[in-house]
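Protein chains: 4
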Amino acid sequence: MSIAERMIRTTYPEHLGDIDRRALAACIQACVDCVQACTACADACLSEDAVADLTKCVGTDLDCADVCDATARVLSRHTGYDANLTRAVLEACRVACASCADECERHAAMHEHCRVCAEACRGCEEACARLRDAL
Amino acid sequence: MSIAERMIRTTYPEHLGDIDRRALAACIQACVDCVQACTACADACLSEDAVADLTKCVGTDLDCADVCDATARVLSRHTGYDANLTRAVLEACRVACASCADECERHAAMHEHCRVCAEACRGCEEACARLRDAL
Amino acid sequence: MSIAERMIRTTYPEHLGDIDRRALAACIQACVDCVQACTACADACLSEDAVADLTKCVGTDLDCADVCDATARVLSRHTGYDANLTRAVLEACRVACASCADECERHAAMHEHCRVCAEACRGCEEACARLRDAL
Amino acid sequence: MSIAERMIRTTYPEHLGDIDRRALAACIQACVDCVQACTACADACLSEDAVADLTKCVGTDLDCADVCDATARVLSRHTGYDANLTRAVLEACRVACASCADECERHAAMHEHCRVCAEACRGCEEACARLRDAL
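Chains as they are written, first to last, in the numbering used here: chain A, 1 to 135; chain B, 1001 to 1135; chain C, 2001 to 2135; chain D, 3001 to 3135.
Hints were generated in silico from the structure; no laboratory data involved.
Where is the CB? At the ideal position from N, CA and C, for every residue including glycine.
Where hints are given, some of them may not hold.
[Stated by the list, open to error] No more than 20 Å apart at the CA atoms, straight line, and that leaves these computed lysine to aspartate or glutamate pairs for EDC-like:
(1) Lys1056(B) <-> Asp2053(C)
(2) Lys1056(B) <-> Glu2105(C)
(3) Lys3056(D) <-> Glu5(A)
[Claimed, not checked] From the structure, some residues in chain B lie toward chain C, with a derived Cβ separation under 8 Å:
(4) Ala1026
(5) Leu1046
(6) Gly1059
[Claimed, not checked] Chain A residues, not near chain C, derived (Cβ > 10 Å throughout):
(7) Arg6
(8) Asp43
(9) Lys56
(10) Arg77
(11) Asn84
(12) Glu91
(13) Ala109
(14) Leu135
The task is simple: from the sequences and hints, build the whole structure.
Listed below in structure tokens is the structure:
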């Protein structure tokens, strides 16, 4: 059980049913994994000989990491919960992940770090869409 | 001249005209100020005797700080610029700032830190809306 | 295998041996878990009736989350690697985690979220010390 | 008057005298400026034809931005204030800024963004040292 699940289970926010609780924990975990993948992928791109072909990928990775980081934090808070904000943040995160997945997929055949990162971004894109639809 | 303006002037991203450049620098500065105001306001709320009445304000402050922080970073990058992402992030930031301004205004008469913070949030809400419309 | 481990395995930074690679991945994961635990614990404290007794805990949680977040990011980068910086960041993170664990342990019998958070903080404190000694 | 100064003036943490209050506000502002300069400099480096010569600079910029960001947040909190943590965080920030200033200065003659960024980093390095000595 991830820390996100343990903390949600511990605090039992009452406005959430069982299904939403699972979707919430999954989305937080997906965001956290995506921060990690994008930060490491940006750095790995910088170390490639072909860095000049990967600068867009670095920029997209960094944007995605920052948006996913903020999203994980907002989703971890229920005090002062605001459905409009949660929806807008999930939408921004979904777009950031889709954009980064698109870019990383272009380099996935050449660079294993882009392949793993694209996978993490797609997973987070879907988790954000699923949670948004469940709200 | 703020650091944001100096850095934008230094790098002259070519896809920006003069007006947009000013709107961009103003929005980054507004986000950065809002992070600072919200982080300090959350802490000041925690130190009040009436903290039990301010817990929603703390949560809203923290959400707003995190979203503004990510927004300032995304707006400071032009490599891999993606208008869809910028628009979605500006919208999330606008909602976070409006929500925090609403909550802080409720306590502005009692707590000076909420008054200053509400002002910073309103300024950032408007700067985000203005930049979004200029894109 | 965590995302941190997969990304480190993918990019094989050459200045790291097998043992250090494992210590590095474990420390990144511990930091990421700690961000998550501290962010959720701060929020859970805000929702307690006894919030007035938990304000120090909220502050310590937030400090710890921010320092662990920066540490995870710095540890995920090898381009421009600087042993002095890594050591100073690990030391700051170790202190932040120890301080937060101390505070959360004081409330662990009363609040399950503090118990889980204290555990995450102790784990991260030890991971930081271990990685620092391995460098 | 910066937002940092206004918020500190608003909340008057009692454990601070006048001189420390000014040093604290100056250090928060220096950190915030440094986040902004480093984030923009990393992006500007990515857009240079000579990006292959600037990858170390990008990595150092990103590390410095993340550490300064966490430092500004920790310094903005007084609830749960812990002198050991503040000192360790200031030391990590001082090292990150010195390291980034060193790297950016190497490119300052060629790249205006590195020149402005080096200046912001030196300013923050000094502000961290000054505040640490005042504690």
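Here's how the hints hold up against the structure:
no. : hint                      : in the structure
1   : Lys1056(B) <-> Asp2053(C) : 17 Å, holds
2   : Lys1056(B) <-> Glu2105(C) : 25 Å, violated
3   : Lys3056(D) <-> Glu5(A)    : 38 Å, violated
4   : Ala1026                   : 26 Å, violated
5   : Leu1046                   : 4 Å, holds
6   : Gly1059                   : 6 Å, holds
7   : Arg6                      : 5 Å, violated
8   : Asp43                     : 4 Å, violated
9   : Lys56                     : 17 Å, holds
10  : Arg77                     : 4 Å, violated
11  : Asn84                     : 19 Å, holds
12  : Glu91                     : 21 Å, holds
13  : Ala109                    : 14 Å, holds
14  : Leu135                    : 18 Å, holds
The structure fails hints 2, 3, 4, 7, 8, 10 (numbered hints given earlier, in ascending order).
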